[in-house]
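Read top to bottom, the protein sequences are chains A and B.
Per this note's numbering, the first sequence starts with residue 1, numbered consecutively.
Per this note's numbering, the second sequence starts with residue 1, numbered consecutively.
Do not rely on the hints blindly, as some may be mistaken.
Unchecked claim - Cβ-Cβ distance ranges computed for the label pairs, FRET-style:
#1 Glu-22(A) - Glu-272(B): 51 to 59 Å
#2 Ser-74(A) - Ser-9(B): 41 to 49 Å
#3 Ser-75(A) - Glu-114(B): 26 to 34 Å
#4 Ala-163(B) - Ala-48(A): 26 to 34 Å
Stated by the list, open to error - Facing chain B, according to a computed beta carbon distance under 7 Å, are these residues of chain A, among others:
#5 Gly-120
#6 Ser-233
#7 Val-237
#8 His-246
#9 Pro-287
#10 Gly-288
#11 Leu-291
What the hints assert, rightly or not - Okay, the calculated bits of chain B under chain A, using three or more residues with CB under 8 Å as the criterion:
#12 39-47
#13 65-71
#14 104-114
#15 216-228
#16 260-266
Honestly, the hints are just simulated from the structure, not real lab data.
Model, not experiment: these values are computed from the prediction.
Ideal placement from N, C-alpha and C gives every residue a C-beta, glycine not left out.
Read off the chains here:
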Amino acid sequence: MRIAVGPLLYYWPRATVMSFYEEVAAGPADIVYLGETVCSRRHELRAADWIAVAELLRGAGKEVVLSSMALLESSADVTALRKLAQNGRFEIEANDMGAVQLTDGRPFVAGPHLNIYNGGTLQLLHSMGARRWVMPLEMSRKSLEVLQAARPAGMETEVFALGRMPLAFSARCFTARHRNLPKDDCRFSCIAHPDGLRMDTREGQPFLVLNGIQTQSAAVYNLAGEYDALAASGVDVLRISPQSAHTGSIVAHFDALRRGADAAATAANVTALLPDAACNGYWHGRPGLELAGRAA
Amino acid sequence: MTEPSSPSSFELVCPAGSLPALKAAVDNGADCVYLGFRDATNARNFAGLNFDEAAIAQGIAYAKARGRKVLLALNTYPQPGMEALWRGAIERAAGAGVDAVILADPGLMRYAAERFPQLRLHLSVQGSATNVEAIAFYRRHFGIARAVLPRVLSLAQVEHVVANTDVEIEVFGFGSLCVMVEGRCALSSYATGESPNTHGVCSPARAVRWENGPRGLESRLNGVLIDRYAEHEHASYPTLCKGRFDVADETYYAIEEPASLNTLELLPRLMEIGVRAVKIEGRQRSPAYVAQVTRVWRDAIDAARGNAARFAVKPDWMNQLNALAEGQQHTLGAYHRAWK
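Modelling step: build the complete structure from the supplied sequences, incorporating the hints.
Here it is in structure tokens:
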């Protein structure tokens, strides 16, 4: 299986982003998804900067994909999407049907927010140029295996395997709201929260994470312990979502898995590197926040 | 590209969770009612609600005899290996003679467009189309006639979409406020295992527990504490994004207060910019609720048609709607930029 580093979901300072991708370039990941997918107000890196990072990674032998925003509201958002889709150098990951429309038959990756829940939709997107699809976060192993049987020839399957899960998108910026700031004057509040801003229940249970207009799981999805099942299900690519610390080590652990390391032991090692408790409920057909089945 | 909607073509689309609710909507002035089957193809798959074949036949006969339309929502995503249920629902809908089906899943849309080319297709709000390119996608491949916009766009953004597509645009007018982009929210399955996309439910009732503890009345969703109420506080259904939580040692409605969306005051503007229909949310609500909300909106639309420039929201309309609203509060939601 190949390892992908997913798009950076947080707002980090420019220098942090640059050194992060230098580390990724030197590491064993095969595929890197780049770009801002959450909020168009975030611009420590401009489009041209992302292209420069893309060239750096391509030079290091990585497959580079430019990810599109999941929620496009303004005409400026759509203009930026058009430019991205027509960049002419890198494939894009479509996270909205507007992006699929703009690929106009060119090959693309169907991202996790396109809602591909069944064989009919999978085949449809393949006919429109999707050469890889990313399973929806909430899908179980059982459902995936049914879909894999209906997978068109040549279509690759990617699974979000590590990270806080992006569960929802809103017009409202919850990070700005936390500071009583309007969205249009958010003062780039996200930059203070390199792994998002945690939201606990009133009895202290970590529940969700506020990341601008995105809401994530507080628990961190960790499928390292499911490596054998992922391989048996015909998964081609495992996605590791960037976190502010230890991403390089986590990628190394997943690299060890494909070289035969013990899955249960690796899962435990990975769990020790996470910003919060691990979960894997979705994979087992359970509520996403649960930690079920084999140790993860 | 769209002509400004003539006031006479502006439609009031009302919810029908049952035959009595359908009749209440029609009798009180709905131009269209929307309903769904009693199964997983329906994003409002509540116990004891919705329609079987006989009830749909009766409902269609009742509406058509009075010159109204019936729209059928098949707005969940077919789950792997179960596509036959959703495809069968398309066949049943076409056979029953509905005026349009409301779909979210592209694969199902292709099936409907190929098998029943005469069947009018509406893009469900669960299809998450928030921009002109996404709407163009569904128009180009499946010939959709109408798109329902998620409740996340400002009025100016709605106007831009309407001005740049030849697909009819429908927006939400009143009812529960969904804070997240519909069709892109898995919070419910994260807590309970069931979400709108997979099971047609958000914060399912089977996962709700109410407990009177030493610190007050508590509502839980699959064990997760959603809110706790002091004695004088009004307790509301524990939709998980409308609870009170702790963020950096501060307890508040971190995502959204319990309140209903109410765009009554925007009505003349919605007509003016070319929106073709306004939707009332609430297929889980009683026939009495449907009757009252429909009556108020019918009166308001007729008043706006008569003289848009002099349109003013009557206090009596607002009082009636507030009495039915979640937490007795209403909001313009994202239509009003400051909401964000």
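Evaluated hints:
Against the hinted window of 51 to 59 Å, the Cβ-Cβ separation of Glu-22(A) and Glu-272(B) comes to about 54 Å, which satisfies the hint. Evaluation of the 41 to 49 Å hint for Ser-74(A) and Ser-9(B) yields a failure: the beta carbon distance comes to about 28 Å. For Ser-75(A) and Glu-114(B), the hinted distance range of 26 to 34 Å is satisfied, since their beta carbons lie about 33 Å from each other. Under the hint 26 to 34 Å, the C-beta atoms of Ala-163(B) and Ala-48(A), about 31 Å apart, fit the expected range.
The interface hint given for Gly-120(A) is met, as the beta carbon of that residue sits about 3 Å from the closest beta carbon of chain B, less than 7 Å. At its closest, the beta carbon of Ser-233(A) sits 12 Å from a beta carbon of chain B; the interface hint therefore is violated under the 7 Å criterion. With a cut of 7 Å, the hint placing Val-237(A) at the interface with chain B is violated, because the nearest CB-to-CB distance is about 19 Å. With a cut of 7 Å, the hint placing His-246(A) at the interface with chain B is violated, because the nearest CB-to-CB distance is about 23 Å.
Taking 7 Å as the C-beta cut-off, the interface hint given for Pro-287(A) holds, the closest approach to chain B being about 4 Å. A distance limit of 7 Å between C-beta atoms decides the matter here; for Gly-288(A) the minimum to chain B is near 4 Å, and the interface restraint holds. This hint is violated: Leu-291(A) has a C-beta 13 Å from the nearest C-beta of chain B, more than the 7 Å allowed. Only when three residues or more bring their CB closer than 8 Å to a CB of chain A does the claim for the region 39-47 of chain B stand; here the count is 0, and the claim is violated.
A count of 0 residues in the region 65-71 of chain B with a Cβ less than 8 Å from any Cβ of chain A is obtained; the coverage claim is therefore unmet, three being the minimum. Using a Cβ-Cβ cut-off of 8 Å, 7 residues of the region 104-114 of chain B lie near chain A, which meets the minimum of three, so the contact claim holds. Requiring three or more residues with a Cβ within less than 8 Å of a Cβ of chain A, the coverage given for the region 216-228 of chain B holds, as 6 such residues are present. For the region 260-266 of chain B, the assignment as covered by chain A is violated, since 0 residues bring a beta-carbon within under 8 Å of that chain's beta-carbons and 3 are needed.
Violated hints for the displayed structure, listed by number in ascending order: 2, 6, 7, 8, 11, 12, 13 and 16.
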